[in-house]
Amino acid sequence: MAKINRKKLNDFLINNGVIIVMFVLVIYTGFTSDNFFTSNNLMNILMNISARLVIALGIAGCVITAGCDLSAGRMIGFGGCIAGTLLQKMDYSNKFFPDMEPLNPFIALIIVMLICALFGTVTGFFIAYLSVPPFIATLAMMEIVYGISMIYTKATPLGGYVKAYTDIGSGKFLGINYLIWIAVIVAAITWFIFNMTRHGKYMYAIGGNMQAAEVAGVPVKLTLILIYMKAAAMYGLAGFMLGAKSGGASVQLGYGYEMEAIAACTIGGVSVTGGRGRVSSAVIGVTVFELLKVALQYLGVDANAQYIAIGIVIFVAISLDIRKYIAKK
Amino acid sequence: MQGNGFLEVAGIPLLLFAVLVYYGVRLWIMKDVTIVRGKHKPPVKDEAMYVKSASLLILFLAFATLVMAFLLFMNTYAALGEFIAATLIMGILWHRMEQKYGG
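Chains as they are written, first to last, in numbering that gives the first Met the number 0: chain A, 0 to 328; chain B, 0 to 102.
If you're looking for bench data, these hints aren't it; they were derived computationally from the structure.
Pairs of lysine to aspartate or glutamate, EDC-like flavour, derived with a Cα cap of 20 angstroms:
id, chain 1, residue 1, chain 2, residue 2
1, A, 244, A, 166
2, A, 200, A, 213
3, B, 44, B, 31
4, B, 40, A, 213
5, A, 244, A, 289
6, B, 44, A, 213
7, A, 162, A, 90
8, B, 30, B, 46
9, B, 30, B, 97
10, A, 220, B, 97
11, B, 51, B, 97
12, A, 153, B, 81
No experiment lies behind these values; they were computed from the predicted model shown.
Make the full structure from the sequences, and use the hints.
Written out as structure tokens, the structure reads:
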């Protein structure tokens, strides 16, 4: 009995090792820094988490089907730029469309999500119908979206947004920032899709064993297209949110976020080998990852050394995930 | 042009080129089709031909990326058009390869 308990404890420590170490680091930082455990800092961390959570939830769907989406970062930049060009003030000197009245932010958001979803559909088509490996298809889409963003914006940074748009980044409801509310709503919708819909069941079936899912009658191709389409729409939303938060955008917005999101998903428990992962995994992963970054800043770790620390965390998390997969086999 | 300026314009296509060359060469040498097919797909009909075709296609896309990196300095539209065309060609050829040699 004691042996079984020890084994269970060992498995728990190995499976959640990264989270435990980070948790200890956060507690240590909290007690050694004056301003870490303050409501302002907590709200800042939550605001940083909000856009990243939306990205991670989009990528989680792709990762659950044993895929990936490397175009996320560029899609975020593209989404942020489209929103920016549609929501500039009339009196702004460098207005992108000088004669166009700024749109309602909600309509702009829908346009951004639809355009991004269209690109996601193309990626999904390449993966599902042409059997192109996800990493190649999404790498190619990353490049295409980047090129289109450069041409669209002429590589100029955007600014001068209407108040209704920037208010989304700074306004509050019940004392909580709108961005956090948006992330909560997206997480709830994603939870519903993953757990309560046929599409969610198909997604896990494809990730578990694509061949078996196809034999069982799962519409694999359609499901894959929907997953990449939905993910791209979420990157568009994240770009919109980041634009509102920073009050500006450029094609570089969101650069490298896809790697952070994949890493966060893996830390939280979304398996890179497919078939496993929940919304809570993405939430835990993004939170832990963001807390790690903030804790390292508070501890005064050199900015370049932070990259090394984050890289080590990603390396360890993915190694542990692969270990779980091998142990399961 | 300064090194940083060069990397700002062509950094991403060059990175993509390096990644694709790595995968193409790795597939060619290791002859491990799971690199591109994943672990759950059925075995391929003709492994030797599949490996050869898949590596060549990945290297073709890598070359297209390199061309794009240089075209970016001349005309962004041409660079984008070239890469979209190459991706489409690669996608169609990949599909044909899967039908011919895949499982």
